[in-house]
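Now for the letters of each chain:
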Amino acid sequence: MSKQTITVTVNGEAYTEEVEPRMLLVHFIREKLSLTGTHIGCDSTSCGACTILMDGKSIKSCTMFAVQANGKHFTTIEGVAQNGQYHPLQEGFKEEHGLQCGFCTPGMIMRAIELLDKNPNPTEEEIRWGISGNLCRCTGYVNIVKAVQYAAKKMAEAPKEKGALNEV
Amino acid sequence: MIPAAFEYFTPSTLSEAIALLEEHGDEAKILSGGHSLIPMMRYRLASPEKIVDINGIPDLEYIKEEDGYLKIGGLTREVALEDTPMIREKYPLLYDTAVMIADPQVRNLATIGGNIAHGDAANDHPATMLALGAEVVATGPNGERVIPIDDFFLGLYYTALEPTEIITEIRIPVADGNSSGTYKKMERKVGDYATAAVAVQVTMNGSGPAKVGIGLTNVGPTPIRAKRSEELLVGQPITDELIKEAGKLASEDCAPTADLRGSEEYKRSVVSVLTQRALKTAFERALSS
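Listed in order, the protein sequences are those of chains V and Z. The first sequence begins at 19 in the numbering used here and counts up by one. The second sequence begins at 9 in the numbering used here and counts up by one.
Simulated from the structure, these hints should not be mistaken for lab results. Remember, it's a predicted structure, so these values are computed and weren't measured experimentally. Keep in mind that the hints are not guaranteed to be accurate.
[What the hints assert, rightly or not] Covered stretches of chain Z (chain V as the covering partner; in silico rule of three or more C-beta atoms under 8 angstroms from a C-beta of chain V):
#1 33-46
#2 109-119
#3 259-265
Even for Gly, the Cβ is constructed at its ideal location relative to N, Cα and C.
Same shape as in the complex, but just chain V (with noise of 0.2 angstroms):
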């Protein structure tokens, strides 16, 4: 089948790339853009460790075709940090030891940028709802509530922070 044509824009920056329509986004964002910080664990929509920003909603990349990422604005992992800062999120989960093995990792992390976007200030029981699409075999998930708490605290006082990846 011939290849198409996309562009896409991951973490500001724009690529337009050649693919195969069957290829998986997950699979474009690690192998052609070598950006490997969005994990495949279950290559079945259950894990949620490939999960990334589009549009600024929380999405499963290995669950949409590159195709469709045409014209749509992604962050990934990579576009977290801000000019050599830790995003509160990253800083959360390091502060409260939020990961062991860290492969689930950069999933939670972007879904809870969405999670506190629309959700600034969530109970535990919120928490544990909003990252419920995301598996950690490590935590037990006590520590990941803390860290995604941290970072609600720690934007609450600097809110400038929270906009900050809308602008990319």
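Dock chain Z against the given chain V, drawing on the hints supplied.
Only chain Z this time, still in chain V's reference frame:
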């Protein structure tokens, strides 16, 4: 897992999409949210040669009340049901259903039209639409036709939709102050299909219901209307005994098969319990609204 190769089309109007479906017939599949189709393609359970991506067609994402109906555009994302206050307030059955579908990332893309068009009794909207007495608006080469929900689900992955038709709208009779409902789902974990789930919508007239809709998820080849339970309750003062009997009838009228989620007997028991819980919640909500 890599899906089989296909040719990809992005029509920008409805008529263009329908023309593509007419041209390619059975070779073509419609891609909306993609959260049923793409997993099936990855497992090679589906290998369509042509994909018609309808996401570029404008004006198919909306939720509005008009002409006595709640109208939901076929491309409306599940997340829109969660985020629309009117749905939470007036159509709690729809809200309760939406939040139990898969997980937040999936709901950001998955569509209501796709959930219904897939024809899977394990999906959550089909039973809910039975309980709500919905209608499916399908648009094809000859224009629109309205399909009552009871005539829509014909078998596993098999619906009344023609291969050249697209679900453009779901219509639900407008809820009044006397009606309410809920969705009770048992799932082993978030994102799993229901072991069983029960959708209930009631409209009260005094202390008894004037209308009762009960739909059952994933306990048969199609979503099932618990008709005898509905008939038992209509016009009767609500008692615990009556609700219990309605649960029993529903458990008899479903057709579950044993799988990893449980035995047939267990699933019938779950249907009985969830039917009773859903009825109680629906009656409480309708009487307090």
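Comparing the hints with the structure gives:
no., hint, result
1, 33-46, "holds (count 4)"
2, 109-119, "holds (count 7)"
3, 259-265, "violated (count 0)"
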